[in-house]
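Novice: Here is what each chain is made of, one letter per residue.
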Amino acid sequence: MPQYAILIHSPAPADPMDLTPDYVALLERYPAQVEELGGRIVTGFALQPSTTATSIRGDVVTDGPFVEAKEVVAGFFVLEAPDLDVALRIAKLNPATLDGGVEVRPLFVPPAE
Amino acid sequence: MSVGDHGGTATVDVAVADAHRREWAFVLAATARVAGDLDVAEECVQEAYVAALDAWARDGVPRRPGAWLTTTAKHKALDVVRRERVFRSKMPLLVEPDEAEMDEPDEDAIPDDRLRLIFTCCHPALAREAQVALTLRLVCGVNTGDIARAFLVSEPTMAARLTRAKKKISAARIPYRVPGAGELPERLDAVLTVIHLLYTTGHTAPSGTDLVRADLVDRALSLTRMLLALMPDEPELRGLLALLLLTDARRATRTDAEGRLLVLEEQDRSAWDRPPSRRVAG
Chain A
1 MPQYAILIHS
11 PAPADPMDLT
21 PDYVALLERY
31 PAQVEELGGR
41 IVTGFALQPS
51 TTATSIRGDV
61 VTDGPFVEAK
71 EVVAGFFVLE
81 APDLDVALRI
91 AKLNPATLDG
101 GVEVRPLFVP
111 PAE
Chain B
1 MSVGDHGGTA
11 TVDVAVADAH
21 RREWAFVLAA
31 TARVAGDLDV
41 AEECVQEAYV
51 AALDAWARDG
61 VPRRPGAWLT
71 TTAKHKALDV
81 VRRERVFRSK
91 MPLLVEPDEA
101 EMDEPDEDAI
111 PDDRLRLIFT
121 CCHPALAREA
131 QVALTLRLVC
141 GVNTGDIARA
151 FLVSEPTMAA
161 RLTRAKKKIS
171 AARIPYRVPG
181 AGELPERLDA
191 VLTVIHLLYT
201 TGHTAPSGTD
211 LVRADLVDRA
221 LSLTRMLLAL
231 MPDEPELRGL
241 LALLLLTDAR
251 RATRTDAEGR
261 LLVLEEQDRS
271 AWDRPPSRRV
281 AG
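Those protein sequence lines, which keep their order, are chains A and B. If you're matching positions, the first sequence starts at 1 in our numbering and goes up one per residue. If you're matching positions, the second sequence starts at 1 in our numbering and goes up one per residue.
The set of hints was computed from the structure by calculation and includes no laboratory data. These numbers come from a predicted model, not from an experiment. Do not take every clue at face value.
Derived contacts from chain A toward chain B, CB cut-off under 7 Å, selection only [to be verified]: (1) P2; (2) D83; (3) L84; (4) D85; (5) P106.
Here are a few chain B residues that sit away from chain A, every Cβ distance over 10 Å (derived from the structure) [unchecked claim]: (6) A10; (7) T11; (8) R83; (9) H123; (10) N143; (11) V153; (12) T163; (13) I174; (14) P175; (15) L184; (16) D189; (17) R225; (18) E236; (19) A257; (20) V263.
No residue lacks a Cβ here, since even glycine has one placed at the ideal position from N, Cα and C.
Could you build the full structure based on these sequences and the hints that come with them?
Specialist: The following block contains the structure:
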């Protein structure tokens, strides 16, 4: 089955310790909803707030995320789903869409020889 | 070469051109299911039309040109699939091996292949401009150069836009199917928007000396008719066709003899195309 990276974008600095109890409750329900829609979460991670990020461009090291924006990457997970329609349906239910958004990117599979 | 052959060649050219206009979407949609990749399908269909020029001149125009073209294009697609097994591993969604056998194509048995094609081209995960370009290229069979001219971009730009969109369809696994009842209204809306945009672009052409680009207007009308034939119970489609016909009835009166734009009050209402207006009212 195809796999997709779901990139979670939340308002900076996206500190997981600041999540509201309501949001946490939605997150806890999420894996069951994913299964119900025909998908499977292969693996997933939340990130420390963007204030802990360090970026390197060329040989310059700077404090902060790579792109300065209102929203930052707060985490990601790998989703297995039969096609993009199912992946999008699942992504739409992610609570991050309430105050930020998610990006669905198919994982690269090297062409078979 | 005898005189008769010349006549025959002309007949064949007309028959192929006619089949290109009428059957392109049907042939491509059926071939895409076998090929498992829109790019491959497009190439096979093009080859089938080229093959038709020779074969029909030799053997005569078949009774059902669309069926002949579909069989030929599907054979070519199967060859590609067999030759490059890669496609099977890359595109399992589009390939339905059980249906890939070459049985006599029946135009009535799989009426929804063209629907699959148009819903795939108008998938919301594609940018609007890509949806319009893909629909023109894959559903209407318009060549890339003509699409580029209609939308005021260079041919390489349009070619890149089409390639990017087809790549996304295969890489992100945009499914080749008609959406289920639950999502149909939303998805149909995207299709209607694309057709409307197509019509609008033809109605007041962004480039050239003519106000109307008849080819685009006609493409939009025939697309709507095709969809309505495939989904006769959709009131939205009926509404769109009515709107387009009613607007189009005034086509001949929108400019004067010098091509100057006329406002509604200045138009010669007696010259409006009455039958479409009556069909809409009725």
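Novice: Look at each hint and say if it fits the structure.
Specialist: Here is how each hint holds up against the structure:
no., hint, verdict
1, P2, "holds (5 Å)"
2, D83, "holds (4 Å)"
3, L84, "holds (5 Å)"
4, D85, "holds (5 Å)"
5, P106, "holds (5 Å)"
6, A10, "holds (45 Å)"
7, T11, "holds (45 Å)"
8, R83, "holds (14 Å)"
9, H123, "violated (8 Å)"
10, N143, "holds (28 Å)"
11, V153, "holds (26 Å)"
12, T163, "holds (16 Å)"
13, I174, "violated (5 Å)"
14, P175, "violated (4 Å)"
15, L184, "holds (12 Å)"
16, D189, "holds (16 Å)"
17, R225, "holds (27 Å)"
18, E236, "holds (21 Å)"
19, A257, "holds (52 Å)"
20, V263, "holds (45 Å)"
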